[in-house]
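Visitor: Residues per chain are reported as follows:
Number of protein chains: 2
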Amino acid sequence: MLDFRIENLDADEVERLRRIYEPLTQSVRDLVDATVRTEVDAEDVAAAKAEIDAATARLRTKQLDGAFGVRLDPGGDGMAWGNVVVGLRNPVAPPLVVHREQSGLVWSEFELGAAYEGPPGHVHGGVCAMILDHVVGDAASSPPKPAFTGTLTLRYLRPTPLGPLRAEARVERIEGVKTFAVGHLADADGITVEAEGVFITPKWAR
Amino acid sequence: MLDFRIENLDADEVERLRRIYEPLTQSVRDLVDATVRTEVDAEDVAAAKAEIDAATARLRTKQLDGAFGVRLDPGGDGMAWGNVVVGLRNPVAPPLVVHREQSGLVWSEFELGAAYEGPPGHVHGGVCAMILDHVVGDAASSPPKPAFTGTLTLRYLRPTPLGPLRAEARVERIEGVKTFAVGHLADADGITVEAEGVFITPKWAR
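Here the protein sequences line up with chains P and W, keeping their order. Residue numbers for the first sequence follow the working numbering, so the first one is 1 and each next one is one higher. Residue numbers for the second sequence follow the working numbering, so the first one is 1 and each next one is one higher.
One chain only, chain P, in its complex shape (with noise of 0.2 angstroms):
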């Protein structure tokens, strides 16, 4: 059983919280960049090192125990600051923005830089996995309902480059608690990876 905590929080509250944490988790994510491509010398490597480690002890001086969980606020929709694909309060995450159409078509659009590479200048498989999991999911979950992963199938039509891409995802038929759902990751030039999954209503959600 999953435990997603319900908070008290209001919207201003939920905006003071994006304030205070958002611009931490994006001078994070730069970070991450400039240590895979960095070329400095031991000295200041080391110096640079000693900063992050007092920064780090500063912030663990008050700490969740565990991850950050998926909050739900009084209305039911999801906080999922510490999603991997999507927080705001995960560096690892890029992170997207997940869009949703009225017609039921989900995209985003974004950036995938140094610290998502696989073969040399391209984005590494298994990222194109990860992202594509994530879209093709928010594609057929319906929030707060939702759904997770049976199988998930992709096909990789050439190497996608690193830099700003694209993805989608939309329903292709429901049948009682498995939803049929496809998408795609693209470049400029077009489609890159395609995928297709099945995901399960789970039952504590249906």
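These are computed hints drawn from the structure, not numbers from a lab. Warning: the hint list may mix true and false statements.
To be verified - Label pairs and their calculated CB-CB ranges:
no., chain 1, residue 1, chain 2, residue 2, range
1, P, E172, W, L105, 47 to 53 angstroms
2, P, P202, W, L105, 29 to 35 angstroms
3, P, E172, W, R158, 22 to 28 angstroms
4, P, S142, W, R158, 38 to 44 angstroms
5, P, V97, W, E22, 42 to 48 angstroms
Claimed, not checked - Residues of chain P placed beyond 12 angstroms of chain W at every Cβ, according to the derived structure:
no., residue
6, V40
7, K62
8, E109
9, T151
10, E172
11, G176
To be verified - Which bits of chain P does chain W cover? Going by a derived footprint, with three or more residues having C-beta under 8 angstroms, they are:
no., stretch
12, 9-23
13, 30-38
14, 44-51
15, 89-98
16, 155-161
Just so you know, even glycine gets a beta-carbon here, dropped at the ideal spot from N, CA and C.
Knowing the structure of chain P, use the given hints to seat chain W on it.
Guide: Here is chain W on its own, set in the frame of chain P:
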């Protein structure tokens, strides 16, 4: 065409670089975890952000124009230090250390914390996909000859908890340029996600 740079690094120089950059990367991983989990107030967040920005500026005084790429040492061994799954210079990488048995079995044991969360307390299904793409792909590759993912299918048996995990993979059969490989992700209670993939040897490596 992918650009694998050949560098004239001997083993001592590789070890010297590892000793400089690996502790930095590990410090940034620790900071990423602290960033997701911190509950300090706005003042401490601002102070930490200033330290982080100072470190980033220091690291950027000399840096690569683009992503890290994959360097090959003169022996043809890969130095995928920027890789998002295994890169010792990439703070997003857990990192996985992938072992290869004589039998062809490929495996890795690692721990995933707050930065890899999807459902509360659990690994994002997309992260499971990312790791399996890499490990099953490794089983399908005979270094330094790479194989790229053609298709990958993931079957999610149950949610994967954050914490210590094991991934393993092996080749099932080879048909010309296609290698069929399978693998899984497991926690202490058994398999959580199964994967099967078809991997293609690129033209330039045949």
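Visitor: Take the hints in turn and mark each one as holding or not.
Guide: The hints, checked one at a time:
no., hint, result
1, E172/P with L105/W: 47 to 53 angstroms, "violated (37 angstroms)"
2, P202/P with L105/W: 29 to 35 angstroms, "holds (33 angstroms)"
3, E172/P with R158/W: 22 to 28 angstroms, "holds (25 angstroms)"
4, S142/P with R158/W: 38 to 44 angstroms, "violated (23 angstroms)"
5, V97/P with E22/W: 42 to 48 angstroms, "violated (33 angstroms)"
6, V40, "violated (5 angstroms)"
7, K62, "violated (5 angstroms)"
8, E109, "holds (18 angstroms)"
9, T151, "violated (5 angstroms)"
10, E172, "holds (17 angstroms)"
11, G176, "holds (18 angstroms)"
12, 9-23, "holds (count 3)"
13, 30-38, "holds (count 8)"
14, 44-51, "holds (count 6)"
15, 89-98, "holds (count 4)"
16, 155-161, "holds (count 3)"
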